[in-house]
Amino acid sequence: MTTHALAGLRILDMTQVAVGPYATMLLGFMGAEVIKVESCSRMDISRGQARPASGSAALYPHGDIGERPWDRTGHYIHRNVNKRSLTLDVAAPRGKELLLQLAAKCDVLVENYRASVMDRLGLGYAAISQVNPRLIYVKISSQGATGPEKDYGSLGSTLEQTAGLASITGYGDGIPLMTNETFPDPVVGMLAVGALMAALRQRRQTGRGTLIDLAQREVTAAMLGEYILAHSTTGNVPGPMGNRHPHMAPQGVYRCLGEDMWVSISVANDTQWRGLCQAIGQPQLAQDTRFATLPARHEHADDIDAILSAWTCEREHYQVMHMLQAHGVPAGAVLQGGETIADPHLYARGFWDTVNHPESGPYQQVTTPWQLSQSPRRTATPAPSLGQHNAYVLGEILGLSEQDIATLAQEGIIGTRPIGAGT
Amino acid sequence: MPVQPLPLSDIRVLDLSEDVAGPFCTKLLAGLGAEVIKIETPGTGDPSRRTGPFIAETPGAEQSALFLYLNTGKKGITLDRRQPTGAAILQRLAQDCDILVESAPPGDMDRLGLGYAALEPLNPQLIYTAITPFGQTGPYRDYQGSELVAQAIGGMMHVIGLPDREPLKIGGHAATYTTGMSAFSATMLALHVRDAQGHGQYVDVSAMETMAVGQIHASIQHQFGHVPKRRHSTLVRAQDGWVHPGLDRGIAEDTWARVCDLMGQPELADDPRFNTRDARRENQAELTAIIGAWTAAHPKEEIYHTLQGLRTVAGYVATIEDLRSSAQLNERDFFQTIAHPSTGEGVYPGTLFTLQDTPWQHGRAPLLGEHNTEIYGERLGYCRAAREQLYGAGII
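Read top to bottom, the protein sequences are chains A and B. Reading the first sequence from the start, the letters are residues 9 to 431 in this note's numbering. Reading the second sequence from the start, the letters are residues 10 to 405 in this note's numbering.
No wet-lab data here; the hints were simulated from the structure. Be a bit skeptical, because a hint or two may be false.
What the hints assert, rightly or not - Restraint ranges, calculated between C-beta atoms of paired labels, are given here:
| id | chain 1 | residue 1 | chain 2 | residue 2 | range |
| --- | --- | --- | --- | --- | --- |
| 1 | A | H255 | B | D270 | 47 to 55 Å |
| 2 | A | R142 | B | D280 | 53 to 61 Å |
| 3 | B | T315 | A | A100 | 30 to 38 Å |
We treat Cβ as the ideally placed atom computed from N, Cα and C, and that holds for glycine.
Chain A on its own, in the form it takes in the complex:
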């Protein structure tokens, strides 16, 4: 009996950049066979340019573009673990024909192009479902598969704006800000896994595949549900709220020892407030009427912040976190990306995989946000080089002969180097 949740599930991965690759990365971790399709003329832009200027802004290990720069950018290798790589020029009739043949042998197709692109290529759900009615087509797009803005282009950062998230993110001065993290990309990648499972379950019941329409803007806007509902009865339009919270006081981020080091603290009730006073060695504050209740602490939030900052700034962020947590106070170091990969808790839980990528060397790989007791995730396998699995996919899955495959390479339908890279 297999132990991987998605063993035996084959996924035709036509995603690129971020949101789609995150989804298929997670599916790969759960045991699916993921075949990433690119072409030598249009590879995933997260691979960077075929011939980047040296010192380019893209993420190369130690700034070194190497012999095959497209196989080693940080963004590409991180988002594309657990996948196989096929190059196929689907704009050419022969390439398209092969793609449809491959779709007939897959359970799922995932794509995140602008909404009309696959239809224009003749590879939309209508065409795909004809060759494989059982296939589930996961269409991830910015705006959804329909509507006047369906072909608008966007990035994760754009969607934070158009979905309303930026309008409630910012300091207390009313100016909206973005996350600098393209937050809607990983979020929707995580949600897409569950959406696909729902469709697989429906296929079990009906014997037919379906089209999943997943709009990043809508998923992100759904995180504002309570404000949307409240607005419909009060007309209130919320603005940025900084780090404070109406039901928490104190709540904020406080400077710690070291450059740009901070700790977050949230106090939800009087018990936690007394714990905080104990932890910082000022138990008399718990008796101070200025701070006795949540409304009082809100009123005197600036005073509390000054007291807390004076204490935190002499300590390291982890130290503050452990001292406060020992007294039952919610607190967490504000970790940088580089600190998360060394965090003892994530390490103890086996969150990171060490991947030794042939082009980029060893690095720590983000894995899954869940742990299933009977269906463990796979250990990450390095992101494939461009066209690394052409022979496997075309030969073993589609049954083409070595001669056929060589002809495809000669005709430029497949390849292992991007056009423009030279030979």
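With chain A fixed as given, assemble chain B onto it according to the hints.
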């Protein structure tokens, strides 16, 4: 194509979770057709009932917009699982359900005899999803969490905000909503396994790890020699709000020249400070000033549509009001009007994704204990007198 069956129409969920993450997970399960029975503490209910914003700005157990939104499509019963009789009733309910979702501190359910170890022998097919700030194992497992703490410890917020200010939280409950989504996906994965192999399992989901996936960008940048920092905002003021011109990435060759024409400054098209993507990034401050002078004279949505028409990746900062009036969202029926006996009609974001020809189950949130009679009386067979006894003992 005829209407397709709801994928979870044969699934029953016991929802013991509170606050945002768990209830959002089970809200999605309900949307897909599951019968979700939300179990709340008698008298007080889910703490989110006491969390704003409130309908008509009036606090009350049935007035919280947060609670009403997070618990659509569910049935609601009350049960004090800390009393032995309550725990025994819960065990009975767990024998006849497919999925249990809880958000208690690690070990809490075990102490009540309601952990996975106790329930699994009673119902080997049960999927037991536990959602916590830090997960069930590891040195921080007993630590207290919050929305802010999750964004901090998961590595998300260090790069958010301005360079000369402290790190900034993403607004609202972004971390806990996202944790609800990862819990949903994890639960659906376990259900997929059960459909194929017949057995249930234990699912451990944490906010910290969900955020650590969310910050994937930062961890890889660190490892590839680029330490990301909080940076100046690239949003610019429009006549009535804020826009992002979207000229730095993902645009066509001739887009810049067309934007220059649009601004009435065609001479900038060949200006070496701005005529390539890298140059524009290098001279971001000057570019922002030039574009800002133009955008300040135009409404945000007009700028958004005009610049999108030139194949940029422009955006505008939509307020809640702007979302409600968005032609795109409305044409797709994103908003649903749902009536509630206590608060009347309200507008809710509806489906998060659609399966073709498959409706989403929209229903209102339950009143506290609304389905006690149905579940305890009709389903478990407690007669009126027995129910009165449970009420009297404060168990329901």
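Status of each hint after checking the structure:
1. A:H255 / B:D270: 47 to 55 Å: 51 Å, holds
2. A:R142 / B:D280: 53 to 61 Å: Holds: the Cβ-Cβ distance is about 55 Å, inside 53 to 61 Å.
3. B:T315 / A:A100: 30 to 38 Å: Holds, at about 36 Å.
When held up to the earlier numbered hints, the structure conflicts with none and fits them all.
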